[in-house]
Amino acid sequence: MDVKYVNPFVAATRAVFKTMLGIDVSMDKPRIKGDKMAFGDVTGVMGLVGDKKGTVSISFTQKGALFAYKTLVGDDGNGMSPEVIDAIGELTNIISGQARKELENAGINLKASIPTVVVGKEVQLHFVCAFPIVSLPFHFSTDNGQEAVYVDFSLE
Amino acid sequence: MRALVVDDFATMRKIIKNVLQKINITDVIEAENGVNALALLKREHTDLIISDWIMPEMTGIDFLKACKDDETIKHIPFIMVTAEAQKECIMEAIKSGVDNYIVKPFTPEKLQGAIEKARERAAK
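Residue numbers (the numbering used here), protein chains in the order written: chain H, -10 to 145; chain P, -8 to 115.
Only chain P is shown next, with the shape it has when bound in the complex (with noise of 0.2 Å):
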C-alpha cells in the first residue's frame, strides 16, 4: 500500500510515516500541502490520503474537497489527521466526503483502525 501524507510541517510528516512504518506501512510519498498533493495524485499511484487540516495555499478540507470531486482520485480512502478536535469541523469534513477522522494525538494502533476503517468506507 502506498500512502500519500499532506502536511505543511516537515515534522510532522515524518511523525506519520514512523508511525506508518510502525503498522507495517512503508510506501509514502509526501506533499507540503494540498495544492502540490492534487498535483502529485496527477501522476503517482496511491491507495491512502492522510491529510492535515490547517495548510497554506489550500486546507486540507479544500484538499478533501478537491479529491472527492475528480473522478480519477475520489475512491481513494482519505483520513483527516488533525489537531482539530471541535464538532464543527468533524462535521464539516464528514459533509465534505472525508472517509475518516483522526484528532492528533494518536497512536499506532489508532491510526491503524483509522485507516481500516476509511478503505472500507470508500470502497462502498
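For reference, chain H alone in the conformation it holds in the complex (with noise of 0.2 Å):
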C-alpha cells in the first residue's frame, strides 16, 4: 500500500467533506479490501484511465447519504431519490477530481469517468484490475449519531 497513492484520497476526501458539508471526517486504518462487496447502501464508482488505470468508489449508508443530502442542498431526502443519487455521484465525482489533482503533484496524470451510481444493500463491485483494492474507513457525525463512508480504490 503505497501511501502516494493513498494519501491523495484521504485528503481529498477530507477536503469535500470539510469545503462543501462543513464536516470533519476521522478515518480509521487504511486495510486491503478483502471481499467483493460494497460497505454502504449507495455507492459511487468512477474508472480511472491515464499514467494508471483502475477504480475509485464511495460507498455510503442510506442516512449517511440523505444527511450528505440535506447538508448540500437544505431539502430533507426522499429515500434514495434520484437526487440524492445525484448527489452521491457528484460527491465521488469531485473526490476523486480532488484526488487526481493531488496526483498530478506527484507525477501521475489521470482522467475519470463519469460516475455511475449503484444503489442496493449487499451489492458486490468488482474491480478489474490485479492490484488490491485499499480501502479508506471514515467517520463522521450527523444529527443521529455517528455515520461511515468507505472509500475505495486500485490503481495499476
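I should point out that these hints are in silico values taken from the structure, not numbers from a laboratory.
Please note: incorrect hints may appear among the correct ones.
[Said to hold, decoys possible] Below are the SDA-like pairs computed for lysine to any residue, each with C-alpha atoms no more than 20 Å apart in a straight line:
| no. | chain 1 | residue 1 | chain 2 | residue 2 |
| --- | --- | --- | --- | --- |
| 1 | P | Lys78 | H | Ala95 |
| 2 | H | Lys100 | P | Pro47 |
| 3 | P | Lys78 | H | Glu91 |
| 4 | P | Lys8 | H | Thr8 |
| 5 | P | Lys13 | H | Asp64 |
| 6 | H | Lys100 | P | Asp(-1) |
| 7 | H | Lys59 | P | Arg112 |
| 8 | H | Lys42 | P | Ala76 |
| 9 | P | Lys8 | H | Lys42 |
| 10 | P | Lys8 | H | Glu72 |
| 11 | H | Lys100 | P | Val26 |
| 12 | H | Lys59 | P | Asn9 |
| 13 | H | Lys7 | P | Asn9 |
| 14 | H | Lys59 | P | Glu83 |
| 15 | P | Lys13 | H | Ile12 |
| 16 | H | Lys100 | P | Ile16 |
| 17 | P | Lys78 | H | Lys59 |
| 18 | H | Lys59 | P | Lys8 |
| 19 | H | Lys100 | P | Glu79 |
| 20 | P | Lys101 | H | Asp64 |
| 21 | P | Lys8 | H | Asp65 |
[As the list claims (entries may be wrong)] With the C-beta cut set under 10 Å, the calculated list includes, among others, these residues of chain H facing chain P:
| no. | residue |
| --- | --- |
| 22 | Lys25 |
| 23 | Asp64 |
| 24 | Asn67 |
| 25 | Glu91 |
| 26 | Phe120 |
Quantities reported herein were computed from a predicted structural model and do not represent experimental measurements.
Backbone N, C-alpha and C define an ideal beta-carbon position, used for all residues, glycine too.
Got two chains here, each in a separate frame; can you build the complex from them with the hints?
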C-alpha cells in the first residue's frame, strides 16, 4: 500500500467533506479490502485511466447519504430518490477530481469516467484490476449519531 | 444580477443555486447542457454563466467556445465550475476564453471571489 497513492484520496475526502458539507471526517486504519461487497447502500463508482488505470468507489449508508444530501442541498431527501443518487455521484466525482489533482502533483496524471451510482444492500463490486483494493474507512457525525463512508480504490 | 447555471446533474445545479443565494444572487435560471443553455441565452437576459465541464450533448468547453464566438453573448462573464483540477484542463479553458475557473469543492466565498474576478475580466 504505497502512501503516495493513499494520501491523495485521504486528503481529497477530508477536503470535500469539510468544504462542501462542513464536516470533519475521521479515518480508521486503511486496509486491503478482502471481499467484493460494497460497504453501504449507495455507492458512487468511477473508472480511472492515464498514467495508471483503476477504479475508485465511495460508499454511504442510506442514512449517511441522506444526511450528506440534506447538508448539500438543504432539503430532506425522499429515500434513495434520483436527487439523492445524483448527489452521491457528484460527491464521488468531486473527491475523484481532488484526488487526481493531488496525484498530478506527484507526477501521476489520470482522467476519470462519468460516475455511476449503484444502489442496494449487499452489492458486489468487481474492480477489474490486478492490484489489491485499498479501503479507507471514514466516520462523521450526523444529527443521529456516527455514520461511516468508505473510499475504496485500486490503481495499476 | 441573473445567473445561468449549466450542469447535467440537477442536484449540482441546486447546490450552486444554494451557494449563489448565500451571496445574494437569487435570480437564477438553469440548463442541463450546453445546447439547452445556448437556446436559453438567445431568449433570456443573463449577466453571468456558471457551467460544468463534463456534460452530455455539448461539453462545457464547447459551450464556452460557442459563447465566446457569439457576438451577442461573448461579453457575459463565464465561470467554469468543475471537478477537473488538472493543469491541462485549466489551460484549455483559459485558451478558450473562460473568465474564471473554480475547482470543486468550493465555498460561497470562493465562488463570490470568482464571480467578481470574472466580471472584471469580462468587462475589459
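Here's how the hints hold up against the structure:
| no. | hint | in the structure |
| --- | --- | --- |
| 1 | Lys78(P) to Ala95(H) | 13 Å, holds |
| 2 | Lys100(H) to Pro47(P) | 17 Å, holds |
| 3 | Lys78(P) to Glu91(H) | 11 Å, holds |
| 4 | Lys8(P) to Thr8(H) | 16 Å, holds |
| 5 | Lys13(P) to Asp64(H) | 15 Å, holds |
| 6 | Lys100(H) to Asp(-1)(P) | 19 Å, holds |
| 7 | Lys59(H) to Arg112(P) | 35 Å, violated |
| 8 | Lys42(H) to Ala76(P) | 18 Å, holds |
| 9 | Lys8(P) to Lys42(H) | 35 Å, violated |
| 10 | Lys8(P) to Glu72(H) | 15 Å, holds |
| 11 | Lys100(H) to Val26(P) | 24 Å, violated |
| 12 | Lys59(H) to Asn9(P) | 12 Å, holds |
| 13 | Lys7(H) to Asn9(P) | 17 Å, holds |
| 14 | Lys59(H) to Glu83(P) | 34 Å, violated |
| 15 | Lys13(P) to Ile12(H) | 18 Å, holds |
| 16 | Lys100(H) to Ile16(P) | 33 Å, violated |
| 17 | Lys78(P) to Lys59(H) | 32 Å, violated |
| 18 | Lys59(H) to Lys8(P) | 14 Å, holds |
| 19 | Lys100(H) to Glu79(P) | 11 Å, holds |
| 20 | Lys101(P) to Asp64(H) | 23 Å, violated |
| 21 | Lys8(P) to Asp65(H) | 16 Å, holds |
| 22 | Lys25 | 26 Å, violated |
| 23 | Asp64 | 8 Å, holds |
| 24 | Asn67 | 13 Å, violated |
| 25 | Glu91 | 9 Å, holds |
| 26 | Phe120 | 23 Å, violated |
Violated hints, in rising order: 7, 9, 11, 14, 16, 17, 20, 22, 24 and 26; the structure is consistent with all others.
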